[in-house]
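Place chain B on chain A using the hints.
So the chains spell out like this:
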Amino acid sequence: MRLRVLGLSRLRRALLSRLDSRYVTKPDHRQDLKDAIWEVQMLRREVVGLREEVDRLRRISTAPVKPAAAPTPAADPKAAEAHRLATETAAAVDTLLQNEMRIWQAIDDLSARVGAPGRAG
Amino acid sequence: MRVRWTRDADVWRLVFRLDPEDETTGACTDGHPVELRTNSCHVRTGDAGASPHPDLLAVAAWTVVAPWTRRRVTFDRPISAGLAEAFRTAWGVDAGPVGADARRGTRLAISYSGGADSMAVAAMFPDAPFVHFQRVSHPRVPNRWTHYRSDVLAQLARQTGRELHIAQSDLEFLLSRPRPGFPEHHAVTVGALLLADDLDLGGVALGYEIGSRWLGSDRYVNRYTPDNPMWAPQGKWAPLYAAAGLPLVLPVGGVSEPVTMRMALGSDLAHLVRWCLRGDASGPCRKCGKCLRKELILAAVEGRPITTTLTARSVPARAWQQPPPYSGQETIEYGCARVPGIEDTPFAKAAEYLKATVESTRWMDRCYPPSIDETPEPWRERVGAYMREQVGLMTADEQRQVEAWAAI
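Taken in order, these protein sequences are the chains called A and B.
For the first sequence, the tail end lands on 121 under this note's numbering, and the numbers increase by one without skipping.
For the second sequence, the tail end lands on 408 under this note's numbering, and the numbers increase by one without skipping.
Same shape as in the complex, but just chain A (with noise of 0.2 Å):
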């Protein structure tokens, strides 16, 4: 009864094995399944990317930008250095202010959550 078995399922599983190989073996399945999440992650990460890229054009088309000036050639290469380094600290204060207000809203919805009263102010 038992060899039966064994017999059986070993001609089963020879069966089988020259079933899979005439199509795709099992790694191959796996690989392809694996493959395919990667794709599918890309695709996502792809979305999200021209997701923000369509609100960034939104608000752009929403708020008509004035097309910055024609750079006009510095006759001093060092105010055009000192210009572009207060343009973008400017920038990078801009984003820091942000930055901090959001930071002051979670710890509000923490201290809410955890029932501590938030300091306004």
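Distance windows between CB atoms, simulated:
| hint | chain 1 | residue 1 | chain 2 | residue 2 | range |
| --- | --- | --- | --- | --- | --- |
| 1 | A | Val114 | B | Gln155 | 51 to 57 Å |
| 2 | A | Asp35 | B | Ala406 | 53 to 59 Å |
| 3 | B | Asp94 | A | Asn99 | 26 to 32 Å |
| 4 | A | Glu46 | B | Ala27 | 28 to 34 Å |
| 5 | B | Pro33 | A | Ala86 | 24 to 30 Å |
| 6 | A | Met42 | B | Trp145 | 40 to 46 Å |
| 7 | A | Leu57 | B | Asp101 | 48 to 54 Å |
| 8 | B | Arg144 | A | Gly49 | 26 to 32 Å |
Partner residues are not named here, just some residues of chain A that face chain B (Cβ under 10 Å, in silico):
| hint | residue |
| --- | --- |
| 9 | Ala86 |
| 10 | Thr89 |
| 11 | Ala90 |
| 12 | Val93 |
| 13 | Asp94 |
| 14 | Arg102 |
| 15 | Gln105 |
| 16 | Ala106 |
| 17 | Asp109 |
Calculated directly from the structure, the hints in this document are not laboratory data.
We treat Cβ as the ideally placed atom computed from N, Cα and C, and that holds for glycine.
Just chain B now, kept in the frame of chain A:
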């Protein structure tokens, strides 16, 4: 949104904190997208005095925090039930705490910028005190816009010799986008609000003319808008100001820019009129977009050719090389129809597109009567009398032209 005002001598400081649902992006009442940079600002009112009624502080704060607030606003002192109700019905915003009596006042103040429109208002109310908003730098924001000479405008306001209160504020720097400016147009009244109790104010008059009030001009929809959310009595803002005992008054809401220009030029302050934000003490710059646009109106009113060194290819003239709609288009039509030799000016292309005639723009020489009807008491009578005697009222046909207006 949680709002807190503190006072340090003659300076009021505003700090606000965002609730979980609030955001750093939003829209001004006219729909324009705006972005918040930081959450503090100050107003130097220059007059120490009694603490303003909480409703005044609340409305002043709201002119700064409205775009970022989604559902509720919590003030640091109780407001009146009437104001809370106005927040609920006009804005769908839950405002509180509630617990103050309603406030009242009697005098009318003029929010005076020094331009032709507010000068026209000053001509109608010669005894009304001026409150002038002056931009100053924000301690946390590098000022990259020093070409804006708010100091010059304040100096010109001082030279009027009228009762004047200057509110110096950095609140415009709260906006990171599109650029420093009022988060809401109404923030210009912050000085009048904070001083209202000191000066016993019962109304604040602004120089918004027919384009802003009725024709959706500036950044709004550019068509007839009786229900304009910024300035109509049934809009989003008028109920708040009324509840705070400081109703908004638009004495020149029924007349066009050519009319306010005539009124300003005919007033005893005419030599001090200034719409240019860049010029110094010696005069306007004559090179910016505002100078170019106002020169068109001025030339039309004075019946002379335009004098400008700007060409059609210059940056300030760029907008007029494109097809309409234009912002404040009715005024451009008026100018193009009247200025001799318009085809040799930066407005040549616009004139070609608009095909306006003296006949098609004559309605702009008169006052639109519904604007008088909606003026709050007790100032309606003065506005009505002035318009009937000095300007004249539109005929039924002309009123229909206003009501059919759309800039296309």
